[in-house]
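2 protein chains.
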Amino acid sequence: MSQSLTFLNPNSVAIIGASKDPTKRGFRAIQTLLQEKFAGAIFPINPKEAEILGLPCYPDLASVTGEIDLALICTPARTLPAMVQACGEKGVRGAVVLAGGFSEAGEAGARLEQEMVTAARQFGVRLVGPNTSGMFNTHKACNLVGFSNLQPGGLGILSQSGNMALSLVTEGQINGHMGFSTYIGVGNEADLQFSEYLDYFAEDEQTKVVIAYVEGLKDGRAFLDSARRACLKKPVVLYKSGRTEVGQSSAKSHTGALAGSYGVAKGALQQAGVTVVSQSDQILSVAEALALLPPPPSKRIAILADGGGHATIAADALTEQGMLLPRLSQETRERLAAILPPAAALANPVDVAGGTDANPEVFADCAEVILADPNVDALLIVGLFGGYAIRFSETLRAIENHTASRLGGMIERFEKPLLLQSLYAPMRTEALVTLRAAGVPVHESVETAVRCLVLLAEYGAARSRIAAATVPSAAEANAAATSIITNARQEGRSSLLEHEAQALLRSYDISLPPSVLITTPEALAQARQQFGDVPLAMKVVSKDILHKSDAKAVQLNVNGEAEMQQAYAAIMDNSRAYRADADIKGVLATPMARKGGVEMIIGVTRDPQFGPIMMFGLGGIFVEVLKDVVFRSLPLTAVDAAEMLDEIKAKAILGGVRGAPPVDREAIIDLMLRISRVCQAHPEIVELDLNPILGYADGYALVDARMILG
Amino acid sequence: MSQSLTFLNPNSVAIIGASKDPTKRGFRAIQTLLQEKFAGAIFPINPKEAEILGLPCYPDLASVTGEIDLALICTPARTLPAMVQACGEKGVRGAVVLAGGFSEAGEAGARLEQEMVTAARQFGVRLVGPNTSGMFNTHKACNLVGFSNLQPGGLGILSQSGNMALSLVTEGQINGHMGFSTYIGVGNEADLQFSEYLDYFAEDEQTKVVIAYVEGLKDGRAFLDSARRACLKKPVVLYKSGRTEVGQSSAKSHTGALAGSYGVAKGALQQAGVTVVSQSDQILSVAEALALLPPPPSKRIAILADGGGHATIAADALTEQGMLLPRLSQETRERLAAILPPAAALANPVDVAGGTDANPEVFADCAEVILADPNVDALLIVGLFGGYAIRFSETLRAIENHTASRLGGMIERFEKPLLLQSLYAPMRTEALVTLRAAGVPVHESVETAVRCLVLLAEYGAARSRIAAATVPSAAEANAAATSIITNARQEGRSSLLEHEAQALLRSYDISLPPSVLITTPEALAQARQQFGDVPLAMKVVSKDILHKSDAKAVQLNVNGEAEMQQAYAAIMDNSRAYRADADIKGVLATPMARKGGVEMIIGVTRDPQFGPIMMFGLGGIFVEVLKDVVFRSLPLTAVDAAEMLDEIKAKAILGGVRGAPPVDREAIIDLMLRISRVCQAHPEIVELDLNPILGYADGYALVDARMILG
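The listed protein sequences correspond, in order, to chains H and E.
Number 449 in our numbering belongs to position 448 of the first sequence; there are no gaps in the numbering.
Number 131 in our numbering belongs to position 130 of the second sequence; there are no gaps in the numbering.
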């Protein structure tokens, strides 16, 4: 699919709305292309001019004799349908539409946007924007956005904010990061969408990592599919903004109310292999580290420091984020002892204790020894390296540079990531520039260096998980379930009654406690017989009574037939008192669930961005007060489900606390997978709540099930 | 007390161990003092040299005729006791001891350190160090640490790591932050301690904010006292490292096991008004912002942006950290509408929508309008300001500078903080330098700017709280409680039995359910009568059976005399079976607590750094699994207690969830204050656990009380 976007790598560009006015984009774009020596042809288009900046100007596209790969359209919104048509007729494959005044500006604009897209589809033109800051492709020297001093490199940017792109480019220039490949300002996504650009970047050889700044996704589902493919080839680093916006307001169920949140986006994106960065000031550093370094096989990190302060900060930050600081092997410690002074710390962190002051090459000797240790997956060097010539003696400059080259070579040799934090990083000393050129990321902040390592490890794990995953096969709807849904719809209901929801789940071999819908007092005796002598729960079944407890239409621990009669009468009386005209189907009786289970909740909702999403959490206070829930998009794999159980903060409770046995993980994972298949098979189920589920050492009990139809 | 440390502001310095070897500190220190034009006298001391760097060299201190305020001692550890004595005899008030090889290097070193301190006390010399990187005082041009290019300014540094100080100074230089006043490397704190330096900084007029890098405090209690005083005068910004170290291993109780953690330090330090920074890369930015800006009266922040991206990131970050984005008043919006183009966003964030492109002074016009709004406590400007001359047109340079000056004047005029984030911050453009000089902090990172605002608001709140607090009066021990403790000790016990702990608490008017210690089966009937017809809890009282449940020595819901007899017998039998030789005092009977209470835990422990510390949390799973607990040092004020209730993550539960009424806050706060007084009155109680406490809408029930004696 990326083949259709070859115009993003153009050999010729037309500037529609070219201008002689230096304040206009139609002038500045041409000026920039000329200054930066765009290798292809430039065709200014303007019927009123004969030449601009020494280039012949054409009255229209049709007058151009050569081929045009890409058009930058600088004319106002109202001209766009005609301009796009002209592009199509000329055979221009893609156009970048700068103008605003489309769907972002109200209804008239939205109609104009639709008209433009219709023209684009009809005449075979793909559109970037409208309402975009533009694009650039440094490897073609094609800068159609006007950022200055662009350095070519491996960072691709996909952004919903032109200023954020400018911010990243400026930060990269100032701090001497890796350069950039292609930038695309997605604008209104009238035609081309995030997912399609992502597919393009995944194939683009110049791009080593994709950076995405996302405020909202028009089609999150397509983005997840593209991300899953892309992350097998290169990392996708994403910052999601707008994360404190109020969620879906129209949610009808508990699950719905909690969805639409940053948690949903984060869960779904990480599931698809995306590296989600939570601080905007770490985007570029993380992207560069992921572009340069191989992910570590696991989380065992060694620290090499020339001072206790930075070593301690790094150790704290790594530990707080779940990384491990393994003890170095006996052999490693002996080898380090032979290199370092007696006061050196040979545990992990390794502190050289002045052992590098006179000879910074000792860093390289130590790094070699540490990286060779099979207990170590990655090395973080913190402190003063890169500033020895400044701090200690100018005579150390050459040694420091040589050390930097040696360190650089170690990443490939040991196939392990190596990062360096230096308080001299912003000074971009010779040694640090050498180090970066040799592929070692250099950071000023210990916290940022640590974050890079953590996300690198997570990227490696996600990539392996996705590479190994088999996509769950499409689930087929069974006849029993379909007829339950059809029946509810025929009765004009948008939700299933509890016994219907139960029957539907049973039809997919999901285990539920036995239950009987009792429609007359006479049927009580038979129900009693069926269940044997166990306490029962009884509750009203009525589409008009959603909050059964409020209506006092639930009776628990009902024993024996006499109590059943009383409970039945009470439920019917209370229900009628609560709502006289309620359509009551009957009373559902079911044995009380075993005591001692762990309350859990599984919910499915349709997220406006990501489609069907499953939520998992512990029930009751954990979900209501602590919002301790995690999300994944459907369909779910077994690994996804297992990760969800491990991701909640209170996960220790599933493992058994206060002498309780662990919850039957396999059974819960199996339930989640079955629910995923149910929702796949029946897209008409738009919300589903299993709340609570009681988890036991052996199996679980589904105490309540609700389903809402779309 | 700070008067005794006037030597940190010296007019004359002796260098003991002065040297002609350029690699030696005894040479470099003199070289630096000369280069940087130290205003006072410099006395090199070395019996083997006649002059060093053109200065006459003295064989010993006694040979110097002038007064010496401060000695920098560069000689090896073993010489120190004699050198310190010589200082005292010469009347030198303070010495900076560089040498290592003292208490950090084992027992012999510790003895040497003690000998040196003894000499110091005897001869009236105060010591910085030993094992310190040194100190500087820029306002005297007295640089005894050898950092280069020190800029004088308002930032004072107190650090346990020389490299961290170097890191801060280097960062400040590179990024153009406010300069530094005095740095002290505390070293081993053999004599002078953190708290004393803090007192000095609090009084030092050159220091506007104190930065402390702390790995561990020898006397945390004294530090808290100093911090409480200091924070009324200036902010104290502290980074605590070593926070993932394993806590106290010898803790005997539940509370003890959770203490000794970063949570304890954070709770106690923030209580004392310290601004605790959790990321090392934000220390300097936070310190500068707190030095420059008045704290906002409350948390209502306005954002002014020239692009949607940064505005959204700032809004997210502020909201996530509890700040409020108020709606601007009608008047403000009308005034902004008159300044900005129609597409501008006039809610909060305010987005100028290109309205500043041609004239950045519009920023100043908007800022003026926004700061005048009574709904706004502080303003954060984000985006491109400072880079308009680069991004748009060189012709804007003068306007941009003028705008910067105008913005600077607004802080004082409106008495509200104003911060600016600019993606051009690292370029230190003219406008940004002007802005900083005018007192407006400039940040590259949106997240850092937001963090500064959050911590500024917290500092303001803490300062007001501490200024208003009356120190709890000393609590006196009552005779009943003292005799209970004396009795336990006489019996050779290091813990109180439950009925003793209850009696002790009752003697301080703490409400407990009635209880009776039953020592013979015959006494059961009387107990029954005393309680009336309510279900009882009965449990063994024995110093030898700490885990009563494990011993099956607890019986709950005991009704009527017959059941009491059975329960009594069972408890005695089970206790003997559990431990045949157990010293059993009897069985404690108490009415069962009311149902429906919220389980809480209050604990007191002695932290090795901060002394008596109270922990508060919700009981059960919240404390065991989620570690949702907060800490404060004792004595506690009512405001401290109220903050503790509000600081736990699950605080909503105290407010009443799932239809439950709110817990009686006043009663719980009263209990916490009484417990604080008990522990003040009886320092021999080293650990105390009230677990669980059941909180009700009216009052609470203390179900279990444990006390450990020191």
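Treat the hints with care, as some may be off.
Each pair may be met inside one copy or between any two copies, as identical chains are not told apart.
[As the list claims (entries may be wrong)] DSS-like mimics (lysine-lysine), calculated; alpha carbons at most 25 Å apart, straight line:
1. K25 x K241
2. K241 x K549
3. K241 x K38
4. K300 x K49
5. K234 x K267
6. K21 x K49
7. K549 x K596
8. K596 x K553
9. K652 x K628
10. K628 x K25
11. K241 x K267
12. K650 x K267
13. K91 x K267
14. K628 x K650
15. K234 x K49
16. K209 x K21
Worth flagging that the hints you see were computed from the coordinates, not collected in a lab.
Just so we're clear, the structure is a prediction, and the values are computed from it rather than from any experiment.
### Task
Identify every previously stated hint that the structure contradicts and give their numbers, smallest first.
1, 2, 3, 4, 10, 13, 15, 16
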